[in-house]
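Q: Heads up, the sequence shown is in this note's numbering, so the first residue is 10 and it goes up one at a time.
No false leads were mixed into what you were given.
Here are the simulated BS3-like pairs of lysine-lysine, each with C-alpha atoms no more than 27 Å apart in a straight line:
1. 73 with 37
2. 528 with 578
3. 673 with 657
4. 66 with 396
5. 750 with 73
6. 578 with 673
7. 434 with 748
8. 259 with 238
9. 375 with 66
10. 748 with 578
11. 748 with 528
12. 359 with 375
13. 714 with 359
Please keep in mind that the hints were generated in silico from the structure rather than gathered at the bench.
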Amino acid sequence: MAEINPFNLFDIPLTATRLIEASAGTGKTYTIAGLFIRLLLEQGMTVDQILVVTYTKAATEELKTRIRTRMVEARNGFISGTASDDLIAGLLERTPNHRRALRLLGDALIDFDRAAIFTIHGFCQRILQENAFETGNLYDTELVTDSRDLQREVAEDFWRTHFYTAPPEWVSFAARNGIRDPVYFERLQGSFHFLEADIIPSVRRPELTALAEYRRQFEQLVDHWPAAKDQVLELLRSPGLDGRTYGSLKTDNRLRNREVRLAGLAAEMDRFTGSPNPDFPPFKALDKFTATGLQGSIRRGHRPPQHKLFRICGALQRSGLALEAEMRQMMLHLNTEYFRWAATEFDRRKKKRNIQHYDDLLLAVKKALDSGPGGAARLLVQKTRKKYRAALVDEFQDTDTAQYDIFSTFFGSGQNLLFIIGDPKQSIYSFRGADIFSYLQAAARADSRYTLQENWRSEPGLIQAVNTLFADSRAPFLFDAISCEHIRPGQKPRRRPKATHPSLVLWFLPSQGKKPVNKTDAVPIISEAVADEIARLVNDGVDPVAPADIAVLVRTNRQAQIVKQSLAKREIPAVLYGSGSIFATREAQELRRVLIGILENGNEAFFRSALATDMLCVSGDTLARADEKPSEWEHRRHRFAAYADSWKRFGFIRMFRTLLVREKVREQLLAFSDGERRLTNLLHLAEVMHREADSRQRTPAGLHKWLVDRSSADAPGSDEHQLRLESDELAVKIVTVHKSKGLEYPIVFCPF
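Could you build the full structure based on these sequences and the hints that come with them?
A: Right, here's the structure in full:
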């Protein structure tokens, strides 16, 4: 692997494949803009010949803005002959013909709307659209951003195939182990982020050979238990049996009394043998009815009681263990089989409907490069290399094997210039399906490696503290190829804090006695401690800190909610920058109750449930005294009937707006301490539902079912379903780690 060199914008050759490692805050976007301008001036490239690829749409817009801004500054520098920063100064010094540079920059700015700055998926979509023949892609293929409907459809078909005619014992076992409905397989698919991965192990479908013997023994137990019940219970009263297992013969402890314990065992056996659908695996206490279990619980000097039913239970337990081993193999087979079957079904159904999802764009391009008909693959590569003379790939730590293969095939031959820019320290988290080994492979094949060494975002004290933390670790990120280069502060003026505080503070949660605090107890303790410290900072009489200057980074949305609750108790405003789905909120649950109350306003339970929501805020006392004021109750019911009629005649959004006004929903929600968050969620839900109703022409009942279905799944369907922010101008920011990338705050807490 090539040695890592300090990066200098003007020393890096504009040839071959170059890897630039950029830690957070080291000026990655600044570097990309500088390379872009160098390619314009030194290589004479046009803006549409320089491909810039990043991961998100927001990042592409930022890159466009920043690159164009730097081009304008460079042009102004060449006009005035003066430099605004080191980049412009270097360009002025290295460029002998300033008039030519002005012309090139002017032309580039005029043509900047043709700049090839795309997301990875946007780039692949253009390749497929512009090279339909070479890629075998249809011209009118529709890009569908939300794949959850198809995922649900495939999961339901797989469920029907494998469970509708399955033995009831297997269905019972699967349910006890989490496979209760098709949602299990839908979630399984949603947890899988790696394209073209091999699923291991490859498990053949096992035969449930022990099922017949288990059923035979079970039928014997069903036949013998009713007649043998009293005899068996009498035998289990034997003083030779251990009281810790079968209950004490003493009567001083009611809960541990032998009769109480035996009554419970008898009830479990009654339920087990009396169930119309055989339960599997058998109840755990079955062992207490077996000869082996009795032998292990007999006191010294006594003999275990004998009965035919004990032998039947022992045989049933043995055949059950054999059957359970086969069923565990069946579960493993189903999990792996689903991925194989789903991949085939997804491909078949998408082709039939002529649709593609984002990942299909990547796979289609890679497939075209791997196995194009005749010389189609070679022609595709030639056309792409001719169109784009240079490629700058941003956020390369988030790449996977398919993405790396695409860029290395197109631009890694040495004929074109390829810059790959990223931070391998972020790649280890597999964010966005990133594959660390793809990054390491790219690093090993690069002609040279560079690292940006100046941090322009963080305070010098914090930079020094982080350097110190990692200084003594030989391989802090496990792989020797992922180094932790020391970063130095960037040279720019900084706003210094009024008082001197440590740049990095480590908190340790004290143990409880000899044992450390368990995780369940630690989370609220930590949250309260963070809230106390924030309250101290905000309420400091000498040097108070504004809540808006504080951020709390968390790993999960649940932790974010806990922190917000702790802050709310101290009356400190806070907003969530989470990655949760709008359908997983309390407001989505309440809206479902209100809508079904409107649609089924004649159903007393649905009607009362809707009124009891925080949206409508009818108290329990009012509901309890409804019979005392029948006219007021009927007036409410008539309003609900009117909402239902309005929904059917004029559509969802008109009904919803009327509901907001007449029921004073805004006022009800804003009365809560987190009212702005609640109202934001509710209005967001209404907007999404209006769009769904309008685009799909859904009936009121169909729209309600759509909301129920969306709320039952864990993952959000698309970016429009991510939680939106309420006003954050004066509030503490609670941010998930992934959402915090690229942001900066004066004071940051990292609990949990």
